[in-house]
Amino acid sequence: MTLRDTLALSFRTVASYRTRSLLIVLAMALGVAAVVVLTALGDGARRYVVGQFSSLGSNLIFVLPGRAETSGGFPGAALGQTPRDLTLEDARFIGRLPQVRRMAPLNVGEAELTYGGRLREVTVLGSTAELLPIRNMRLSQGSFLASGSERSAQIVLGSTLAREFFPDGEAVGRRVRLGDNRFRVSGVLAPQGEAMGFNSDEIAIIPVDYAQEMFNTNSLFRILIEARSRSGIEPAKAAISHLLKQRHEGEEDVTVITQDAILATFDRILRALTLGVAGIAAISLAVAGILVMNVMLVAVAQRTAEIGLLKALGAPAADIRRLFFAEALWLSLAGGAIGYVLGNAGAWAIRLAYPQLPAWPPAWASAAGIATAVATGIIASLLPAARAARLDPVLALSGK
Amino acid sequence: MIRLSAITRLFRMGDQEVRALNGIDLDIASGEYVSIMGPSGSGKSTLLNVIGLLDRPDSGRYELDGTDVTDLSETERARVRREKIGFVFQSFHLVPRLTAAENIELPLMLEGVDPAERKARVDAALDAFDLGDRARHRPPELSGGQRQRVAIARATILRPTALLADEPTGNLDHRIGAEVMALLEGLHHAGTTLIVVTHDRELGARAHRHIAMRDGEIVADEK
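Order-wise, the sequence lines are chains A and B. If you're matching positions, the first sequence starts at 1 in the numbering used here and goes up one per residue. If you're matching positions, the second sequence starts at 1 in the numbering used here and goes up one per residue.
Certain hints may be false.
[As the list claims (entries may be wrong)] Partial selection, computed: residues in chain A whose CB lies under 10 Å from chain B:
(1) G117
(2) L119
(3) D319
[As the list claims (entries may be wrong)] Derived CB-CB ranges, DEER-like:
(4) S398(A) x E141(B): 24 to 34 Å
(5) A363(A) x E141(B): 41 to 51 Å
(6) E74(B) x L357(A): 52 to 62 Å
Hints listed in this document are in silico derivations from the structure and should not be mistaken for laboratory results. In this text, a Cβ means the ideal position worked out from N, Cα and C, and glycines have one as well.
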C-alpha cells in the first residue's frame, strides 16, 4: 500500500467517525492552545520586564561602593575597617577612561521641598548633566543641569512635583527651597511613569556637590557609566575595576555590575518561568495523548472484522499498523493546527486586553506544542496499531 | 494446484483439545469446482481457512501452485493471499464507510496499483457485475444481492487462481442466492478454481466434485 493511499484511506476513516474525531481533536487543540497561550503570557512578561529595563538606558555599567561578594573579603575587614568611600574624584577618573562614553555620579537622599507655602518630602538625586542622556530621560520644560554647573544651585523637578507645586505650569525660573538651600528651577522632566519600581515623576535632581553637602557625605551612592557600544561593555568594566583598584591602593572594594548581567538574570528567570508553564500545559497534551490511545483501542475493537477483512484481502501487518498510525497522525495534526489557531487567538485577546504586555507566543513554543501533540498522538497509537496488526485473521473476521 | 497432506489443526476449548482438522489429505486441480459439505463443527470452514492461508495448520504440508507455503512468514502469506486467493463471505464483509467502487478498489490499493489503472479496472468490474449505477453507493444503501456482487467483484479484481466461498448465499433469499451462484459459476467457467463451503445440499450438488466432512476428516469425496 502506498503512503498516499494509506493517508487517504485513514483520513476517510477519521472523517467518517465525526463526533469521536471532533472530541479528540478538541482535546488535542485545547492542550496545544494552552501551551501557546501560557508561553505567550510568560514570554510577554519577560519582554515587558526586559523592555522596562532597557528603557533605563543602554550599555550601562553601575559602580557601587563595597563588595557584593564575601569571597575572601577585603583585608581591612578583619581590622574592622569599613570599605573605602566611592568618591566624586573616583567618578571623574572613570569619566576620563577612553572606554567610557559618559559618566554620571549619583547621590540619593530625602529632603523637604517648599515653595509658596506648599511642602513635601521628596527623593533627591544629586548628579551631573550627563544623567539625562545616560538614563534616557526627557524634559518637558526648560533645560537640565548645565555641564560644569556643580556649584550653581539648579534643580530639575519631576513632572508630578512640578504640577503639584506650580499648578499654573510656570515652573522654570522659580526659586524653591530644598532643605536649607534655595535652588532655581531650571527644567521639568517629561512624565515617564514608573520603571523598575522607581518613579521618576516624583524626584528632584540637583548638582551632585550640593547633594553631598546637603546629605553630609563624601561617598557616592552609585556611578552610572555608559560604555561606547554593546561590545565595549566588558572592556569598560575591566578598565573601571582596574582603575578603582589602583586608586584604592590595590583593594577591590567596589562592585561593578553591568546592565546586561542584570538583564540576563531577569531574562533567565522569566524564561525558566515560561518553560515551567509550558511544561504544565504540555501535561494536558499527554492527557490528550491517553485519550487518543483510548479511542484508538476502541476503534481497533470496533473494527476487528474490518481488520480481519483487510488481512483476508492480503494486507500485511505493516499496512494495518500504518493505517492506524496514520489515523492518529491525522487526529493529532488537526488538533495541533486548530490548537495553534486557538492559542494565537487567545494571545491576541490578551494583547487586546493588556496592550502593554507583548504577549506574542514564541515560535519555539508553538512548534513544540504541535510537535508534542503529533508525537503523543503517534506514541499513543503504537499499542493499538500493534494490537490491530497482531489480530488473528480468522478470529478477527468473525468479529472476536 | 492445491495439495494438502496430513493437515492437522487443533483448537483448545477449556482443557479439551478439539481436532478441527485431523490428518486431511486433499488434492484440488486448477479449474475445479468443489463443494465442501458437512454439519457444523465438522471442520469445513477451518479447511477453507487453511486453504486460503488465513489459518496455519499445526502439522502437515501445504503446497500451492507447486510451492510449499506451510512455513511462509506472515508477510509472505499476506502476499500469497493477495495474489492467488479471493474470499467470498456469508456476511459480505464490506467496509461500511467506503462506496461500492472503493470497496472493490481495496485489493488494488493494497497491491499498490497506480490510481489511473485502478479506476479503469474498477469501472470494468462494476460493469461486469452489473453495478455501474451503484458505484457511489455505500453498503447500507445496497441490497443483499448487490452487496454480495460487490464482495465477489472485490474478491476477483486481482484475478486470483482460487475463489473460496464460505456460505456465499447464507444471508440471501433463494432467488438472489441462485443469481449469486450463477455469477460464481460463470467465474469458474472462465477458469477460476471455485471452492464453496455450504450446508445447503442443493447448492453443494451443483459443484462438480463433492467433499463431505465429519469430525475433522474427509468422509466422502465424489466427482
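key: Cut-off 10 Å, beta-carbon criterion: hint that G117(A) touches chain B   = Where the cut-off is 10 Å and the nearest Cβ of chain B is about 89 Å from G117(A), the hint is violated.
Status of the given 41 to 51 Å range, CB of E141(B) versus CB of A363(A) = holds, 49 Å
inquiry  = Given a hint of 52 to 62 Å, does the C-beta separation of E74(B) and L357(A) actually sit inside it?
reply    = At 59 Å between Cβs, range holds.
key: Hint check, L119(A) versus chain B [nearest Cβ-Cβ separation less than 10 Å]   = Status violated, d = 85 Å.
task = Starting from the range 24 to 34 Å, see whether the pair S398(A) and E141(B) falls in it by beta-carbon distance.
result = holds, 25 Å
ask   = Should the interface hint for D319(A) be scored as holding, given a Cβ-Cβ cut-off of 10 Å against chain B?
value = Holds, because the Cβ-Cβ distance from D319(A) to chain B comes to roughly 6 Å (cut-off 10 Å).
Hint compliance for this structure: hints 1, 2 are broken, all remaining hints hold.
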